[in-house]
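Protein chains: 4
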Amino acid sequence: MGQKVLAMINGENDLQLVAVFNPVAKSQDPADYDLDSSVKVYNDYSQIDVDADIWIDFSIPSAVFDNTKFAIEHNIKPVIGTSGMSEDQIAELKKLADDKKLGGIIASNFGVSAVLMMKFAQVAAKYFDHSEILEFHHEDKLDAPSGTAMNTAKLIHDVQQKDQVNNKNEQDKIGARGGDYHGIKIHAVRLPGFVADEEVVFGGQGETLTIKQSTTDRNSFMKGVRIAITEVMKRDELVVGLEKII
Amino acid sequence: MGQKVLAMINGENDLQLVAVFNPVAKSQDPADYDLDSSVKVYNDYSQIDVDADIWIDFSIPSAVFDNTKFAIEHNIKPVIGTSGMSEDQIAELKKLADDKKLGGIIASNFGVSAVLMMKFAQVAAKYFDHSEILEFHHEDKLDAPSGTAMNTAKLIHDVQQKDQVNNKNEQDKIGARGGDYHGIKIHAVRLPGFVADEEVVFGGQGETLTIKQSTTDRNSFMKGVRIAITEVMKRDELVVGLEKII
Amino acid sequence: MGQKVLAMINGENDLQLVAVFNPVAKSQDPADYDLDSSVKVYNDYSQIDVDADIWIDFSIPSAVFDNTKFAIEHNIKPVIGTSGMSEDQIAELKKLADDKKLGGIIASNFGVSAVLMMKFAQVAAKYFDHSEILEFHHEDKLDAPSGTAMNTAKLIHDVQQKDQVNNKNEQDKIGARGGDYHGIKIHAVRLPGFVADEEVVFGGQGETLTIKQSTTDRNSFMKGVRIAITEVMKRDELVVGLEKII
Amino acid sequence: MGQKVLAMINGENDLQLVAVFNPVAKSQDPADYDLDSSVKVYNDYSQIDVDADIWIDFSIPSAVFDNTKFAIEHNIKPVIGTSGMSEDQIAELKKLADDKKLGGIIASNFGVSAVLMMKFAQVAAKYFDHSEILEFHHEDKLDAPSGTAMNTAKLIHDVQQKDQVNNKNEQDKIGARGGDYHGIKIHAVRLPGFVADEEVVFGGQGETLTIKQSTTDRNSFMKGVRIAITEVMKRDELVVGLEKII
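Protein chains in written order, with UniProt numbering: chain A, 1 to 246; chain B, 1 to 246; chain C, 1 to 246; chain D, 1 to 246.
Keep in mind that a hint or two might mislead.
[As the list claims (entries may be wrong)] To list a few chain A residues with every Cβ distance to chain C over 10 Å, as calculated:
| no. | residue |
| --- | --- |
| 1 | Gln16 |
| 2 | Val18 |
| 3 | Ser37 |
| 4 | Ser46 |
| 5 | Asn67 |
| 6 | Ser131 |
| 7 | Leu142 |
| 8 | Thr230 |
[Unchecked claim] Below, in silico cross-link-like pairs of lysine to any residue (SDA-like), each with a Cα-Cα straight-line distance of 20 Å or less:
| no. | chain 1 | residue 1 | chain 2 | residue 2 |
| --- | --- | --- | --- | --- |
| 9 | B | Lys141 | D | Pro61 |
| 10 | D | Lys119 | D | Asp129 |
| 11 | B | Lys40 | B | Pro61 |
| 12 | A | Lys95 | A | Val123 |
| 13 | A | Lys141 | C | Asn13 |
| 14 | C | Lys126 | C | Gln164 |
| 15 | D | Lys244 | D | Leu102 |
| 16 | A | Lys141 | C | Lys168 |
| 17 | B | Lys119 | B | Ser108 |
| 18 | C | Lys154 | C | Asp172 |
| 19 | A | Lys141 | C | Asp172 |
| 20 | D | Lys154 | D | Val195 |
| 21 | C | Lys40 | C | Ser83 |
| 22 | A | Lys141 | D | Asp217 |
| 23 | A | Lys154 | C | Asp172 |
| 24 | B | Lys162 | B | Asp129 |
| 25 | B | Lys223 | A | Val159 |
| 26 | B | Lys69 | B | Asn43 |
| 27 | C | Lys126 | D | Gly147 |
| 28 | D | Lys119 | C | Val159 |
| 29 | B | Lys94 | B | Ala63 |
| 30 | A | Lys168 | C | Glu139 |
| 31 | C | Lys173 | A | Asp140 |
| 32 | A | Lys141 | C | Gln164 |
| 33 | A | Lys168 | A | Leu155 |
| 34 | A | Lys173 | C | Val159 |
| 35 | C | Lys173 | A | Asp143 |
| 36 | A | Lys244 | A | Gly147 |
| 37 | D | Lys154 | D | Asn219 |
| 38 | D | Lys173 | B | His157 |
| 39 | C | Lys119 | D | Lys119 |
Quick caveat, the hints were computed from the structure, so don't treat them as lab data. No residue lacks a Cβ here, since even glycine has one placed at the ideal position from N, Cα and C.
Modelling step: build the complete structure from the supplied sequences, incorporating the hints.
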């Protein structure tokens, strides 16, 4: 993801890469990493003296909390895509940033189509009493349903505030009706050939409404990072979740 | 549609049918129309003396303007699904209602899934530069593309305010790229077996977002009528389009 | 279905309705049923003296065996869509017809798109080790999965002769992976707005193949009946299942 | 594609790589190409003395005819995925192989799902008078419609032998009904986020049948190459098109 971020920054006229940070970097010569000679390469917090607006972090779970804290303390607005922080850690970072009125974002998913799907699902949930979720992933994905599918169900339930009602006389001997979250059925397909598709279907008398998002390349996350960079510059608090700024 | 409206009203606890109006009705006996004995049957404006909240109109183009005007003048909130009025007529009725601070709605489409699709498309249009629209209807539909498809394209363009850019080197000898509205391609499928499906697809690097609505029965419009009834009771102006209240 | 059969026959130049049979018919006057005056109306086997090629039966489970037996014994080729016969009964009828070298068909499903979907699935099953089945029906359907979905799984397994292999490390806490038939996962969606859709998806490295059929009107069965009529005229045995002649 | 072929061969127990041929290879040391020491590396026809069963060719248009001819003359069964030969050249090669009763295949598309889609379309075309084709590709694809879409239309027309009939009163001001091949409408969508999807839809009264294939990775072609290798070993003629052996 780091490489994708660099490529994205290079492609945007209003963004400039001023420095990179990697504690295991042996060389500090930007040429060794195909970076412009103006870019500083740091491998220790103590070296960081650059005047940057944004700290973008797609590093590792063990490093992300300290990195983000460092950024906030040095008034660099954090855009954090690394997962693995506890709710307490996130709360601490948010308080730190908010007290300084510093913009920032921590998001587990920078996929714009996924976030829009979830936002639209919450609107549709006001008008349709019935919905089901389907997701299609490659055969190597171990967890079922996907985090996005589960989140979508939760967001729908948050809006509806009551369990969806299914036919009580249903006879389902083999579990074909799928997983259940407060009456919202969730179906997970695992087949080679799929990358990552998520779909939520709302049904009402004589009509259905389907919102589907398909991810074919994780490059798509860069669109969300780009939006986040623009938005945190305008904000004076740290938000959690891309949906808060879209 | 009139019958569907009556059935819908009967199924809702908080709604009560107090009167029906049909200038060509010969009998004024509600029993002749399987209506409750409490329901008044009118065939002339002059007879109408009922204290009603809502005037629901799915009549004919030649009658709808006078009907709506009559309703507004008598402080009955209009919920109008009949098409055929000119923009001038609609503007006149809106002024009439707004001056009286009377709620009301005139809508060409009471399909909730279609209206939500269009609303969501306008949001997605902010984040995706590229989109195409597909619609699938039965072989008897004469106009292509459908009004909903065309409206969706217009709404997307309203948000984006510039033409979408397609590949200039495209070689399309037979017109397979479909119709074009400011760079938004529109594809109309006509096949027996389809009823009415509309789909808008947004594409970005490595991801797509699809919003699809399917109408299998025009009964679905009653959900929109029901929402409209609830909403106009709370409003003090006449709105045009279901999307204004959803 | 009886009415649909009559309408279909009327629309085909090479078919002629010669008689109808209904044991509970009170009148034997064709005019009482809007039938042509040349059509005989029978309400008892003993009356049947017509020289017909085909006996079409969409009656009731308790009558279908006797009806079919009667037809075969009188050299009228049976086209039977009524369900409810036991395997023994079907075997007996088949022997009866085959001994006489009389063409005929007994089919539980005259939907051509459904039968083709199943036939194509059997071919694809030779080339793809992995498949899943999804079906979408209205909320009033009680059985899950649908008979067509279950049959499709069986036909795929018949071809593959071994269980499909799913990821052993899969973690599915809520049953989202659906029903299982020899490793073929089956997902049943029940939502208002759907009529009857069936879908089988095959996945291989870097590609998927989906075969989907959608039934929006049971009139579609008449195409299968029409094909059956043509085919049984050419045959000298009774077949079970529309797939045998398509 | 060459690298994919090597990886595929390595993964199959019953296949063994014995030699590679590349006229521009500078070194003939297999170690320079990460090949097993038993593999011969040739850069000139004159060197080829290996006893091989199969010649797999994904080279370049200017080389493929001579390569294939050389293979046939030396009794090596050709499996050719390189495009660019004329019909005359293909006919000459076929005669050469057939005269020697040598198995072989020349195919423009080794995608199994695409080939099955086309085969199934030809069967469905017997039972449905109406069909349309949709294809979805990334925005960089220049030709529209895709070759597969066009081929599918041709194959359907070959079976039906007459033009499909569309509604004569259709009003399509902007070309939304798409391209036309003998009445079969073809729709090409070009959006970032898509890789390569092809879809053929058949419509009849009250039902539709859709066959869709999706290619997410060109690795999928290796399945077709693998099938071809097995099949040409059993054959005594050169076939053109993967559909001939599937």
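Hints versus structure:
1. Gln16: holds (38 Å)
2. Val18: holds (40 Å)
3. Ser37: Label holds. Min Cβ-Cβ 41 Å, cutoff 10 Å.
4. Ser46: Non-interface label on A:Ser46 holds, nearest chain C Cβ at 42 Å vs cutoff 10 Å.
5. Asn67: About 30 Å separates A:Asn67 from the closest Cβ of chain C, which puts it past 10 Å; holds.
6. Ser131: At roughly 7 Å from the nearest Cβ of chain C, A:Ser131 sits no farther out than 10 Å, so the non-interface label is violated.
7. Leu142: violated (5 Å)
8. Thr230: holds (35 Å)
9. B:Lys141 - D:Pro61: With a Cα-Cα distance of about 47 Å, the restraint between B:Lys141 and D:Pro61 is violated, given a limit of 20 Å.
10. D:Lys119 - D:Asp129: Roughly 17 Å between the alpha carbons, so the hint for D:Lys119 and D:Asp129 holds.
11. B:Lys40 - B:Pro61: The hint is violated at about 24 Å.
12. A:Lys95 - A:Val123: violated (30 Å)
13. A:Lys141 - C:Asn13: violated (57 Å)
14. C:Lys126 - C:Gln164: At roughly 12 Å apart (the allowed maximum being 20 Å), C:Gln164 and C:Lys126 satisfy the hint.
15. D:Lys244 - D:Leu102: holds (16 Å)
16. A:Lys141 - C:Lys168: Holds: A:Lys141 and C:Lys168 sit about 11 Å apart, inside 20 Å.
17. B:Lys119 - B:Ser108: Holds, at roughly 15 Å.
18. C:Lys154 - C:Asp172: violated (24 Å)
19. A:Lys141 - C:Asp172: Holds, at about 11 Å.
20. D:Lys154 - D:Val195: violated (23 Å)
21. C:Lys40 - C:Ser83: violated (26 Å)
22. A:Lys141 - D:Asp217: Holds, because 18 Å separates the two Cα atoms, which is no more than 20 Å.
23. A:Lys154 - C:Asp172: It holds: about 17 Å lies between the C-alpha atoms, which stays within 20 Å.
24. B:Lys162 - B:Asp129: holds (10 Å)
25. B:Lys223 - A:Val159: holds (19 Å)
26. B:Lys69 - B:Asn43: With a Cα-Cα distance of about 17 Å, the restraint between B:Lys69 and B:Asn43 holds, given a limit of 20 Å.
27. C:Lys126 - D:Gly147: Given that 20 Å is the threshold and the Cα spacing comes to 26 Å, the pair is violated.
28. D:Lys119 - C:Val159: holds (18 Å)
29. B:Lys94 - B:Ala63: holds (17 Å)
30. A:Lys168 - C:Glu139: Distance of about 10 Å is within 20 Å: holds.
31. C:Lys173 - A:Asp140: holds (17 Å)
32. A:Lys141 - C:Gln164: Holds, because 17 Å separates the two Cα atoms, which is no more than 20 Å.
33. A:Lys168 - A:Leu155: Given that 20 Å is the threshold and the Cα spacing comes to 24 Å, the pair is violated.
34. A:Lys173 - C:Val159: Answer violated: A:Lys173 to C:Val159 is near 24 Å, above 20 Å.
35. C:Lys173 - A:Asp143: Holds, because 9 Å separates the two Cα atoms, which is no more than 20 Å.
36. A:Lys244 - A:Gly147: holds (18 Å)
37. D:Lys154 - D:Asn219: violated (27 Å)
38. D:Lys173 - B:His157: The given pair, whose Cα atoms are some 19 Å apart, holds under the 20 Å limit.
39. C:Lys119 - D:Lys119: holds (12 Å)
When each numbered hint is compared with the structure, violations occur for hints 6, 7, 9, 11, 12, 13, 18, 20, 21, 27, 33, 34 and 37.
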